[in-house]
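Trainee: Now for the letters of each chain:
Protein chains: 2
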Amino acid sequence: MAGLGEFALIRQFFAAAACAAPASGVARGIGDDCALLQLPPGEQLAVSTDTQVAGVHFPERHDPSLLAQRVLAAAASDLAAMGAAPLGFTLALTLPAADPVWLEGFARGLDVMARACGLALIGGDTTRGPLNINVTVFGRLPAGQALLRAGARPGDLLCIGGATGEAAAALPLVLGERGAHGAADAQLLARYWTPQPQLALGQTLRGLASAALDVSDGLLADCGHIAEASGVRLLIEAALVPLSPALRAAAGERRALQLALSGGDDYVLAFTLPPAALPALVASGHDFHVIGHAEAGSGVRLVDGAGRDITPAAGGYQHFGGGDEQA
Amino acid sequence: MAGLGEFALIRQFFAAAACAAPASGVARGIGDDCALLQLPPGEQLAVSTDTQVAGVHFPERHDPSLLAQRVLAAAASDLAAMGAAPLGFTLALTLPAADPVWLEGFARGLDVMARACGLALIGGDTTRGPLNINVTVFGRLPAGQALLRAGARPGDLLCIGGATGEAAAALPLVLGERGAHGAADAQLLARYWTPQPQLALGQTLRGLASAALDVSDGLLADCGHIAEASGVRLLIEAALVPLSPALRAAAGERRALQLALSGGDDYVLAFTLPPAALPALVASGHDFHVIGHAEAGSGVRLVDGAGRDITPAAGGYQHFGGGDEQA
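Chains X and R, in that order, give the protein sequences. Sequence positions in the first sequence follow my numbering and run 1 to 327. Sequence positions in the second sequence follow my numbering and run 1001 to 1327.
In case anyone wonders, no lab produced these hints; they're calculated from the structure. It is possible that some hints are incorrect.
What follows is a list of derived Cβ distance ranges for each label pair [stated by the list, open to error]:
| no. | chain 1 | residue 1 | chain 2 | residue 2 | range |
| --- | --- | --- | --- | --- | --- |
| 1 | X | D304 | R | V1101 | 45 to 55 Å |
| 2 | X | G252 | R | P1041 | 56 to 66 Å |
| 3 | X | A200 | R | A1296 | 49 to 59 Å |
| 4 | X | E104 | R | A1306 | 25 to 35 Å |
| 5 | R | P1059 | X | G285 | 49 to 59 Å |
One-sided excerpt, in silico: chain R residues whose CB lies under 8 Å from chain X [to be verified]:
| no. | residue |
| --- | --- |
| 6 | D1032 |
| 7 | L1036 |
| 8 | P1041 |
| 9 | Q1044 |
| 10 | T1051 |
| 11 | R1128 |
| 12 | G1129 |
| 13 | A1146 |
| 14 | R1149 |
| 15 | L1171 |
| 16 | E1253 |
Covered stretches of chain R (chain X as the covering partner; in silico rule of three or more C-beta atoms under 8 Å from a C-beta of chain X) [said to hold, decoys possible]:
| no. | stretch |
| --- | --- |
| 17 | 1055-1061 |
| 18 | 1119-1127 |
| 19 | 1130-1136 |
| 20 | 1275-1285 |
Idealized CB from N, CA, C, for every residue including glycine.
Sequences are here, hints too, so could you generate the full structure?
Mentor: As structure tokens, this is what we get:
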């Protein structure tokens, strides 16, 4: 195929996303050697990079529009976890071929999620190779107000911004191991393919939460990251972990709890909250669930209604039999 | 393999690079959901993302230390092209396996180039899949002073920051098609594997050059980008294009010019300079070569000593039989 023609095609496909959200803070977007960002004095830029690989993070056979939404949402969730307001993203796309049908779908999905998140496409790189999608996201926040993993104190409440486990419960559907039937399966699939990063909740939590992150590796594993960074133990009460009706229907009660604790790919916020901040968060109108609290010690403990330790041995979703290492 | 152990290994390997250049402007580096950057009022952040894929941009068999240097240098060259001062970078590494020998070499090379460029590793993502390396670089510069591709005016001189063609001449050595012998081949290989981004020259060109970019796709192709963005014709005098002795020795006179014009992977700056700015650039002490000038018209023309048009038909180095599409 004629080289330049294909790249003109790619440029055209992505023009929509680039124009989707002309964010303040973007002084120059796509088209030169670098994009230029400029923030008002006193603001910081939050940056996170996230790669997804065909056959590892998503199936080789997929809907490119849904894939684009999932990749961008997963990256944007890291902005939510810091309490940052969305600004823009770069896209580094490695493709086995310039397939116009795939590109059209991917660009369409990217546009949908970019608009939903308020993120402008500010730069990119397209190259040939096994399918690999890297998104680097940019957000802004007042200096010193970022939500960090360190900061939880004994006595703080442990909260999550939504139910977990549904994305993991969708895996048999995503992999085609069983067909999707009815509204419950549709909900699971939507949670897997089009997670909604909790950007508004994250910004609300600035000045309220003592620590926060987004749940991507599984609730227990990610709470472990807060516990380690903060130097506390997090105690989760199993009976307080929300299990959605769709999750229960797909997985049954016992397996539902297991997926909610260790499933991964949830992209809801987990955070600790000094009890004094609870009324303000309730007043904000955001949905959230108190699932436990922080105490002196280390690690994460799961307890039943009688206070007995029922912590499972294994952690969350991992690659290399390990886990993605993200910063 | 035990999951967390491997990632602890990766973390340890990259700790050196993360600490290499604790840049001002990095409020928080690796370790939370996002890195945080903060610039003084009146400064802009320059951002560019760059992916290299095994078997496409570099051979499957390679020295990981050299590879790391090449990948980071290629990305940093985009900062040089904008006149930005180096700040930091994120690394998204997709690896088929966590091979300690490869990782040790890669981390060592990354550290070398990060120090040479003054770039701090501020964040990353490591995942499993076919080898794919994405670097997103960050630089800073006073608002409104970025070197853009648009801005060349008829009468401006066309200059390059160093000789081109050596990286392309190294390809037969890189691919093992012939063995390396002597100092000339060593120089070609060094140009391919460890290009030196012209960050100091780029910053010097702020306020002097009317347009700039870094030569990565080949001199003619990249000059075409300046010509298009600026709405001028760039006229290159073949006799003024510098051909290094190493390039001449490896390729012969005729092929040397061809590689210098269309080879790619050079990572030297090409820029246009109003004649009035020439004394200041000479006084700065930076090496550069005047190779032509801008005139009214469009496109790029190569002329011989008699002013005859000898422009070759084809462009520079391209993927997909096309080219990387970078922003």
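Trainee: Hint by hint, which ones does the structure fall short of?
Mentor: 4, 15, 16, 20
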